[in-house]
Structure formats: structure tokens, C-alpha cells
Amino acid sequence: MRPLADDDPSAIGEYRLLRRLGQGGMGRVYLGRNAGHRAVAVKLVHRQFAADEEFRARFAREVAAARLTHGPWTVRVLDADPEAEVPWVATDYVVGPDLTTAVAQHGPQPEPTVRALAAGLAEALLGVHRHGLVHRDVKPSNVLLAVNGPRLIDFGITRALDATAHLTGTGMLVGSPGYMAPEQVTGGPVTPATDVFALGAVLAFAASGRPAFDGQAPAQLMYQVVHEEPDLSEVPGWLRPPLAAALSRTPADRPTLPELAAACGVGDGAAALVTAGWLPSAVLTDISRRAEELLVLDENTGPGRTPAPPTPPTTTTSTTPPDRPTVTSAAATEPEPARVRPPRRRALPLAVGAAVVLLGATGAGGWLLFHGLGGGGSPDPGPAVDALPASLLGDWEGPIATGSLPMGTIALTLAEGRIGDEVGTAIHTDLIGLSSCLDRLTLRAVDENRLVFEGLLDEEGSSGPMCVADPYELEIEVLGEDTVQYVNTHPSSPSEGTLARQS
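For the sequence shown, counting from 1, position 340 maps to 340 in the UniProt record's numbering; every step adds exactly one.
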């Protein structure tokens, strides 16, 4: 993570950029936040690709496909603008190292980690394949290690590079030498078996600490993939047979993803393997350090740089990439309020101290769970009003805190209804995305300026180890035409915040 340079934008779409996370052949990746303080990864395509209309069309199709294939082991696409002057895509920001970094810093990964990787990545790729897609660039740097499981990234943009090999000036193929299947190198048909080969190579790297093909130059690596056997001598004995099969040069001889996962001993699947002990302590310590850095990060984009004002997006449906403004230059005026599309997920509060202590000690199992009011008597309904006021219908979002400690964001969507009706949703999003939970809201009490809701977890719309299944209560107090106060007074984790109208 590096400070923004003079040639970096200060905002992309509605996202204010804070740091540069990395740079690759396709573009640059930035850490950003939306107006609700949500952390995101924003990928900005290199400008030379933007001139190619075929690239733009494929980019749009692949981003739409990426939205469809989101699952527990992939990174969710939040936003994108293929029509911008320079196309970009925003995804969830995952706090954790990629597999390349973890192995470089901490060596071969232990058996529980490798089994969980096999299960999670196989399930992620199955989700991709169900939509008629092939990832085609599964490699260690595209695998992120989070407390609550591995995440596969970047499948939504790799196929878009098909039409732009001529733009690179080097005849670049889609894929990474050493992890590309032989058929990718030779120009043969790309099928789900192509991803099986790459997954086998990734698992060999994770388990042994070295690649299965160790050529020093891309041409040498591609020759080895096509003509030589992989070097699995440092892979643990239990893992060699399934990986040797996955790395067969003939696609028809490779196992399917479920067969490969079963041969790796994944048992009941990734969810059962991703426990508090799935990552070694050294990686957990790395994650806790990253979590602390994110929580205390100064939101200025750099010395002497004023953040650019995010521009309101055009209203869109969930299946169509929204119409976003182009990249904002670093020279900007004072920030203006932005109307944002709230993220449709909730996560629980997280403290810096907990990130440092509990992540290193116990992983996700040690977190204090946050939920609403419990057991405190029935609220006074006040005047005889039994319907949600029309003035409160719509979307509301804002940050919450416990004292001065930021705890993430709350996003509410409220619709018409009376006491006893389900009238909306509450989405709680923590600052670093360890858990995301969605609650359905039932209206329990209304008076002139105060509403009380009961929230109940929507398990299908939620993920992560910290979601609370039991019902809870939250209160909303009207402050003005476009602001409300969110209050939760649970003794173990009180929080509050001001929410602004979004629509």
C-alpha cells in the first residue's frame, strides 16, 4: 500500500481514493472509500485499452457476468463503468495478503490451509463455470487470504483482455506463464479443465513454497508447461497424486473440480474447513496488522492533496453497470455530499484492539458479536400512529461509532407498511469486510419522531462468522428532512450514528 502519486486520480466515480494497492498489465488498483466510509478496491484500466471498442464491450459483458457469479469464495463486484473515459471496476476490499505474498514471507502453507484453499477455490470456480465462463488466470496473486476464507479475484476482467493482445505490443496471452494450461499456450480450446490445471499449480505452490514449473523466463515456462512434467518433489506425499492428475497435459485426463477437491480430502466442503485455525498464526498476524492500518488510515489522499468531490451516480438496476463519471483529477475543490447506492450487506462492528489481539490469537472465533437491544421492555408507542411515515420512505446511509471509534456503516431501505409488517432492510458493513449481514426489518413502534424496528437475519443474503441469528431491535429518531439518528444501546456494544437520505 503506497501513497497516491501526482499522476494518480484522487477520485473515481463516487469513490475517493486513499492509497495505491498495486499495478499490473491491465491497470492500477487503488484503495478507496465511498461516501458511507466503505472500503473498496478500485481497478482502473490502463488508458491505452480504453481506445478499443471491442475491449469495452467485452469488459461490460464480463463485469455483468462477475456480478452473477458472486459467492462466499469470490470477491463481489460492487460497481463499474465500462463507458467511462477510462473504464474501471470497484470490488469488495479484502483485508489479507495474496497467496504469493504469504508464501514469500512465511513459506509453504500448512495442511489445513491447503485443504481449505482446495475446497474454497474449487467451489469458487464451479460458480464461475455454471455461468458458462472460464477464469483463465488462476494464480497465487489472484488468491487472497482472509480470516473467513480464501477469495478468488479478477475473473471478471481476464476474458476482456482477449481482444486487446495487440494493444500490449508483446503478443501477450491471456493467463500467467507457469499457471497457464498447455491448451492456453498452444491456442487450443479453453474449457473448465483449463482452470483445473491452474488450480493444481496454485495448490502445488501453496503446499511446497515453490512453483511446479520453475523456468526463469515466460518462454521457458510455457515450454515446460507444454512439454515437461511438473516438479512436485517438495509437495507433501498426500497431495502429490491429485495434483499430478490435475496437471496432466491432456485436458480429458484431468479430474473435475469436485473430484480434485475430494481427492484433496476436503470432506464437507470449504465452509467446514474455514475455521479459526485455517490460517497459520504468522498470516493472521499479518492480517491483523493490515486491519489496524486500514482502521487508522488518514483519509487524506496525500500531503497537499485535497480529495475530489464524488459525483452523484445515475440510478441503475443491479444487472446493468451504472453510468458513472470519469476519473477525477487530483486538483479538486471542496468535497460535496454524494448520493450513493448503499451496499446491500451488513457486517458487525470491529475494534482496532480486537483486530490486533483476537485475529492473532483465535481468528474469527474470538470476535465479540454485535447485535441490537436485547430484553429491554416494550417501547412506548406514543401517539396512535401505526404506519411508517411517508417522509421516511427510501434509502438512508451513514457511519456509526462507539464513542470516537468508527464501527462501519449502516444502510437502511424503508418501504410502506404498518406496525407488524416487514418494511425494509438494514445493511451493516464493517470497515474491513470480515462479515457481511443483511437483516429484514419489522416495524414495532412509531411516534411522531421515533421508530422502533425488530431485525432478523436473512441468512441467504449474509456471509461471515459474525452474523447474529437472533432477533434484535434498533431505533431511528428523525433529526431533519434528510437526516435521522440511528441508536443501538446494547450494553456490550452501544453504537450510534447519523444517517443521510440517499433516495
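Calculated from the structure, these hints are not laboratory results. Just so we're clear, the structure is a prediction, and the values are computed from it rather than from any experiment. It cannot be assumed that every hint is accurate.
[Unchecked claim] Label pairs and their computed distance ranges (CB to CB):
#, residue 1, residue 2, range
1, G107, D458, 28 to 34 Å
2, M1, A252, 30 to 36 Å
3, G22, A387, 47 to 53 Å
4, A51, T483, 41 to 47 Å
5, E259, D231, 18 to 24 Å
6, T101, D421, 32 to 38 Å
Don't be surprised by glycine CBs; every beta carbon is placed ideally from N, CA and C.
T101 versus D421 beta-carbon gap, inside 32 to 38 Å or not:
violated, 49 Å
Could you say whether the range 47 to 53 Å given as a hint is met by the Cβ separation of G22 and A387?
Cβ of G22 to Cβ of A387: about 51 Å, so the range 47 to 53 Å holds.
Taking 18 to 24 Å as the hint, is the beta-carbon distance of E259 and D231 inside that range?
holds, 23 Å
That 28 to 34 Å hint for G107 and D458 (C-beta), does it hold up?
For G107 and D458 the Cβ distance comes to about 41 Å; the hint is violated.
Given the hint of 30 to 36 Å, is the C-beta distance from M1 to A252 inside that range or not?
violated, 44 Å
Go ahead and decide if the range 41 to 47 Å is satisfied by the Cβ distance of A51 to T483.
Distance hint for A51, T483 holds at roughly 44 Å.
Violated hints, in rising order: 1, 2 and 6; the structure is consistent with all others.
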